[in-house]
Amino acid sequence: GENVEQHPSTLSVQEGDSAVIKCTYSDSASNYFPWYKQELGKRPQLIIDIRSNVGEKKDQRIAVTLNKTAKHFSLHITETQPEDSAVYFCAASRGGGGNKLTFGTGTQLKVEL
Amino acid sequence: DVKVTQSSRYLVKRTGEKVFLECVQDMDHENMFWYRQDPGLGLRLIYFSYDVKMKEKGDIPEGYSVSREKKERFSLILESASTNQTSMYLCASKQVDEQYFGPGTRLTVT
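Protein sequence lines, in the order shown, are assigned to chains S and Z.
Going by my numbering, the first sequence opens with residue 1, and the numbers climb by one from there.
Going by my numbering, the second sequence opens with residue 1, and the numbers climb by one from there.
The hints are simulated quantities; they were obtained by calculation from the structure and are not laboratory data.
Ideal Cβ placement from N, Cα and C applies to all residues, glycine included.
There may be inaccurate statements among the hints.
What the hints assert, rightly or not - Sample of chain S residues facing chain Z (criterion: CB under 8 Å; computed from the structure): (1) Pro44; (2) Asp49; (3) Gly95; (4) Gly97; (5) Gly98; (6) Gly104.
Said to hold, decoys possible - Calculated lysine-lysine pairs in the DSBU-like style (CA-CA distance at most 30 Å, straight line): (7) Z/Lys70 with S/Lys42; (8) S/Lys37 with Z/Lys57; (9) S/Lys100 with Z/Lys57; (10) S/Lys100 with Z/Lys55; (11) Z/Lys53 with Z/Lys71; (12) S/Lys110 with Z/Lys18; (13) S/Lys57 with S/Lys100; (14) Z/Lys18 with S/Lys100; (15) S/Lys22 with Z/Lys70; (16) Z/Lys53 with Z/Lys13; (17) S/Lys100 with Z/Lys70.
Just need the whole structure built from these sequences, with the hints factored in.
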């Protein structure tokens with residue numbers, strides 16, 4: 001089955017700096033890679049996703065890159081703000097209904113003032 | 001707006017008790033999932049269902065069972081609760097790719 005590894009487990013940055021979280025996956029058939037953000041005491045919510053037919057996707061201050069050959073993908077947050085502090089999970093799946101997501105172990109991001 | 005609800009936010013049970021956790025979604029999604037979330041271990045899949053009365057084991061099914069009698073409802077059952085099942089339990093549903101999570105149930109087994 002799929003195995004997703006995520007690094008680092010904790011990340012502390014100064015407000016305004018960039019943050020990068022990296023994930024690797026094992027199943028070459030995986031083609032859907034979402035990122036979820038979980039604020040303290042709240043449910044995980046999708047913030048961005050990428051499919052294997054593109055290498056990069058941006059949405060305002062967040063971006064995700066995918067390297068299918070190396071089987072890794074990354075989340076980039078620019079101009080970090082205190083409200084970016086949360087746990088971030090990467091995931092991978094073969095996409096489509098009936099397929100399950102395999103999650104990474106999460107990264108606790110802390111943005112310090 | 002998709003809504004996934006769970007029957008309890010907090011639950012305290014004794015060792016050996018039978019525990020039912022219920023999840024309901026209102027978007028007619030075919031796929032539903034149960035995860036447990038533990039610090040440092042991320043979200044681990046217990047069971048999932050892609051149709052009524054259908055179920056598939058996830059990565060950590062031992063000690064759990066599930067029931068899906070209606071499309072909107074997916075129940076997680078702990079036949080005989082043990083202390084190592086103390087955790088946060090999250091339900092989710094999806095139709096194609098994006099998963100929508102419930103608020104979670106913090107279960108403590110004493």
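Here is what the structure says about each hint:
no.	hint	verdict
1	Pro44	holds (5 Å)
2	Asp49	holds (7 Å)
3	Gly95	holds (6 Å)
4	Gly97	holds (5 Å)
5	Gly98	holds (4 Å)
6	Gly104	holds (6 Å)
7	Z/Lys70 with S/Lys42	holds (27 Å)
8	S/Lys37 with Z/Lys57	holds (25 Å)
9	S/Lys100 with Z/Lys57	holds (11 Å)
10	S/Lys100 with Z/Lys55	holds (12 Å)
11	Z/Lys53 with Z/Lys71	holds (9 Å)
12	S/Lys110 with Z/Lys18	violated (39 Å)
13	S/Lys57 with S/Lys100	holds (22 Å)
14	Z/Lys18 with S/Lys100	holds (27 Å)
15	S/Lys22 with Z/Lys70	violated (39 Å)
16	Z/Lys53 with Z/Lys13	holds (27 Å)
17	S/Lys100 with Z/Lys70	holds (20 Å)
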